[in-house]
Structures are given as structure tokens and as C-alpha cells.
Amino acid sequence: MIMQKLHKSTWIYFAIVFVLILLPFFKDDRWFLFLMIQIFVFAIFAMSYDLLLGYTGIVSFGHAMFFGIGAYSVAVTMNRMESTFPSFLLGVLVAVFASGIVAFLAGILTLKLKSHYYAMLTLALAGMFLYIAERWRSVTGGNDGFTFRIPELPGALQDHRNLVIYLFTLFMMVILFFGMKRLTESPLGRVLVGIRENDQRVESLGFRIMPYKVLISIISGVVAALAGVLYAISLRFVNTQVFDIEVTLDALLMTIIGGVGTLIGPIIGSAIINLSHHFLSDLANVHWIFQRWVILFGVIFILAMIFFPNGIVGTIKQKVEQRRMKRRILEVEKQEELDEGKKHA
Amino acid sequence: MELFINLAINGVAMGMLIFLIASGLTLIFGLMSVLNFAHGGLFAWGAYSGVFFYVLLDNFWLGILLAIVTGILLGWITEFLIVRPVYGNHIRQILITLGFMLVLTEMLKVVFGPNIINAPTPEYLQGSWMIGDITIIKYRAFIIAVGLILFIVMYSVLRYSKVGLVVRAGVMNKEMIQALGVNIKKVFVIVFMVGSALAALGGALFAPSSGAIYAEMGMEFGIFAFIVVIIGGMGSIPGSLLAALLVGMANTFTAYYVPILSMVVTMLIMLVVLIFRPQGLFNVSGVSNK
Chain A
3 MIMQKLHKST WIYFAIVFVL ILLPFFKDDR WFLFLMIQIF VFAIFAMSYD LLLGYTGIVS
63 FGHAMFFGIG AYSVAVTMNR MESTFPSFLL GVLVAVFASG IVAFLAGILT LKLKSHYYAM
123 LTLALAGMFL YIAERWRSVT GGNDGFTFRI PELPGALQDH RNLVIYLFTL FMMVILFFGM
183 KRLTESPLGR VLVGIRENDQ RVESLGFRIM PYKVLISIIS GVVAALAGVL YAISLRFVNT
243 QVFDIEVTLD ALLMTIIGGV GTLIGPIIGS AIINLSHHFL SDLANVHWIF QRWVILFGVI
303 FILAMIFFPN GIVGTIKQKV EQRRMKRRIL EVEKQEELDE GKKHA
Chain L
430 MELFINLAIN GVAMGMLIFL IASGLTLIFG LMSVLNFAHG GLFAWGAYSG VFFYVLLDNF
490 WLGILLAIVT GILLGWITEF LIVRPVYGNH IRQILITLGF MLVLTEMLKV VFGPNIINAP
550 TPEYLQGSWM IGDITIIKYR AFIIAVGLIL FIVMYSVLRY SKVGLVVRAG VMNKEMIQAL
610 GVNIKKVFVI VFMVGSALAA LGGALFAPSS GAIYAEMGME FGIFAFIVVI IGGMGSIPGS
670 LLAALLVGMA NTFTAYYVPI LSMVVTMLIM LVVLIFRPQG LFNVSGVSNK
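Protein chains in written order, with our numbering: chain A, 3 to 347; chain L, 430 to 719.
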């Protein structure tokens, strides 16, 4: 039964991926490709956020720093060295290690305390990284940032570079999605959900919760850094904006609106937020209120927190579950009636 | 030496401003254990409405009074609409108040315009006194005086009055206080409104000292306030004062001697405190940090 259900959802995912692979061949528009790449990149970023918020119940206000570390690591390496594939790989390695170390340090310092300590510390650390990036002009180019070259692709692929990046980010998103899905369904993931629901009970069952929390904060940080890497190479440009609090807030909105603790939710959230960014900034010319669209987002966010704390995917899941329960109760009742009838007969 | 004293006075004045906003937060945080990330928004609203009414009515004191009224009203709205549905759930509190913070900040831009606004100082508080080589800017002395008075009032109300007894007992054991027949919900609302009023007062007093106000200042000072509350120890008024003074001093001195460090020094203090004394400098018994 469970295997069948899993198969069904996996098939749906494969169908969507297939459509996404074919999509750019029908609509080869530069802006469209760019928008889709943004959606994929932020989907990865929001999924990494969901690992913390949705599965473990850790609130981070500085998730942008991992994104920024990833973006700057790869950009600075490619800028300093020749832009070849080995230097790209080196940049990715730097991104993974730097983000992992920062996540580890932030984790061991504050994860044994109440939730707001981690939120505050990450917020403070992200502020520090933003400050360093603005001040260390010789490396980061300050607020203006810098452009860099990405390695040339062999042969005819070079002419369709955006398409290749599109497929690559899509590929990464799919791989990371299934990887994280596997992780959350593993025994480790179960312990994490247990920590979210009731950490004392998990502890009394004999698990030491600190290593789990630190581990998931490292994994989440590394995945966020990978999103930053993809962001940088898709733009071939990086500036201090990647460390901005708004990047974190975007991830937060995507995760909450899409559905916390679902992984597919952040992807849907990313699509919604990026598309509305895109269309609302067009609408700003129509009416001034759309320039202040953050208000709209804030209000939606608050309403979502009060009325749909489970987000889109979570609410749908709940509804489906309820219906299934109702049907099962009806079936059981019918069966009982039949049994009763048999007895009487 | 003169330079040192001048810097120290500036540091104390800055610390007092931070104390005003942090003291409101430590009340909300300490008693109700509500993580109100919109607190900085109330600070910014206090600053804007203070300047607005001061310019409109041409009376500094009326401006401050109306800023406090704005703070009380906004505090009531925040408690009623935003915080009430999420009592007892820290993660949802953090998220929802952050959303409200965004709304408050953007609403400032809608109501007062997105540009930086000049904040005037009343004439009798302009200028400075010279004592030898020591310059004391009048407005800073005024802020220090207000901060000290507020500290004494808050401390003695909490320590010696019946209301203070209820509040302190509420921090330690909410259920027990309720069982003894105190309407703790009402106390919660009032404390929330007082905390918000303090933030608004802080904003209104901050505006003339910086000379200019902008919508994003709420976020900046909100972070300051949280850091100060964490350094000082939750729910402790003396802790907040000490931490605020420490942060204010550290900021002023590094801004003068090591400008590169001035942005990060607050974070560094918080880091050190988190590593060596995570419960904060003053720990109120019964309030845990775990």
C-alpha cells in the first residue's frame, strides 16, 4: 500500500521534471529561462531552510550567509584563478567547507539554548558577513560587486549556455530534492521530527539531541551554499545583496507559504514568490501600492501563519488525510452493520 | 583624558537610548516570554510619530506624549491581532512578529514617505555646556537623565509595588498566579502596552539625537534590543541597563578608535556572553534559557 503510494507520487514528480526539461525547447526566451533558473535556485535554498524550520524546528534568521558564502566562494575563486572547470570545482569545495564550518560553529554555540538564540546569532553572523563583504573591497568589490567568467563549454554547447545552466540547476534541484527527501525519511529524519515535536521525550529515549541538531544545521548550510553557487554562476555576477536579510526572508516566505516540513512546498513557494516578484514589479507602473508589495507579502504571511500554518502543501495533505479518514470510518461502519446483520440472521 | 570622558558620556547617552527600547522588550520577553520581533517597528513608529507631532504642533513634549500614545495603541493592536493567536509557541511567534515587522516598516514608508526625514531638536536642548575641555551636549545629558529616571521608576515599581509583585511572580510561575485569582491575561496586555510605549518613547527621544530618521532603523535597533536583552539576562531590568551601557560604550569607543570594528563589536560582545555565560549577566531566577 505504502509502496504503491510512494510510486504514484514519484511518478508525478518524474512527469513534472520531464515537462520542465522539455519546456525551454519550446519557449527559448532569455528572460523566461532566467526566471525559471531563479525559481530552481531559490527552491534549493528554501528546501535547505525547510530542513531546519520544517523538520527540526530551528529558526534561522541568517540563512542568507550560507547563500552568500556559496556565491562569493565560487565567484572569488573563478575571478582569481583561470576560469576552468577545476577552478569551478575548487570554488564549490571552498563553498562547502566554509559554509559547513560556519554552520558547525553557529550550531555548537547556540543550539543547546532556546530557539531564539540560534535565530539571533545567525542574524548577527549574517550581519557580520554582509559588513565584511562590503568592507573587504579588494576581494569582494564592495557593494558594487564584480562580474566573472564561467568556464567555456565545449563545442556547440557554448552557444546555448543559458539552456545548459537551466538544465544544470534543474538537475541539481531534482537531485537535492530526492536526496533530502531520502534523508528526512531515514531514521535520522525521524529523530529530527521527534526533536521538533518534543525534544525532551527524544532525549529520554536515549538520543543525544545536540549532534543531530548540529548535523542538520551543517547539511542545511551546505545545501544553501550550493544554491548560492548556482545563483552566482547563473548571473555571472555577485554583490553584497546575497547576504541581505531579504534573501533569508524570501526563503522564510517560500517555506511558510509552500508548506513547512514538506520539501515540495518550498519548491512551490519559490515558484509563487519569484513569479509574483516578477509580475508585481511590472504592476508597480500601474499603481503605486504595488511598489510597496512587501506589505502585501507581510499581510499574506501573517494570515498564513494564523489560518494556514501548514502552508499550501500542508493544508492539501491535511484535507486529503481527513477525507481518507472519513472514508475509512464509513467503511468500518458499513462492515460493522453487515456483521450485525449476519449475526441477526 | 578629556577625550575619554567625552566619549564615555556619548557612550552612556547611546546606552540609555538602547536601554529604553530594550527595557520594553525585556518586560515583554521576561514576563510573557513572547518573542516580539516587531518591537523595533514600534521604536521606529515612535520616532516617526514623535517628529510628526512635534513639527505639526510645534511642541516637543506633546510630540513625545503622542508618540507614547501611538506606542500604546500599536502595542495593543500587536497583542490583540498578532501575538494572541500564537501564545506559547515560540517558533510561530518569531515568524509572525517578523511578518508584522515588515508590515510596520513598509507602512511607515506609505504614511510618511520613503525618504529620510529630518528630526529637529527644541531650542533649549540644543548646544552644549563646556566644563573645562569637556563638552557635554545638552540633548545627551537630557537623554541620560530621562533614562536614569525611567530605570529608577521601573525598578522600584517592579521591586516594591503590588503590581510589580504580580509581574515578577508571573515571570516565575504563570499558572500559580492565575490560581491565586489574578487575571494574568489582563496583566499581559497591560505589560505589552507598557513595553511598546517604552519602545516608542525610545524612538521619539532617539530622533532628535540622530537628527534623521528612516524606516529601516526599526530593524537595526530591534536587533540591538534583542542582543542587549540576551546579554543582560531575560527579564532583568538592571541587567538590561548594564548591557545597554556596555553596548553603547563599546560602540562609541570602537567607532572612535577602531572604526572597522564598530559594526561588529556588539555581535562580538554577544558571542562572548553566549559562550561563557549563556544565561546573561543578570539571571532572574525562574527564567531559564534552555
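Hint data in this document are derived by calculation from the structure and do not stem from the laboratory.
Please note that the accuracy of each hint is not assured.
As the list claims (entries may be wrong) - Residues on chain L that point at chain A, a partial pick, calculated with CB under 7 Å: (1) L464; (2) D487; (3) G517; (4) I520; (5) I525; (6) L531; (7) V532; (8) P707; (9) L710.
Glycine included, every Cβ here is placed at the ideal spot set by N, Cα and C.
* Tell me, which hint numbers fail for this structure? -> Numbers 2, 3 and 9, in rising order.
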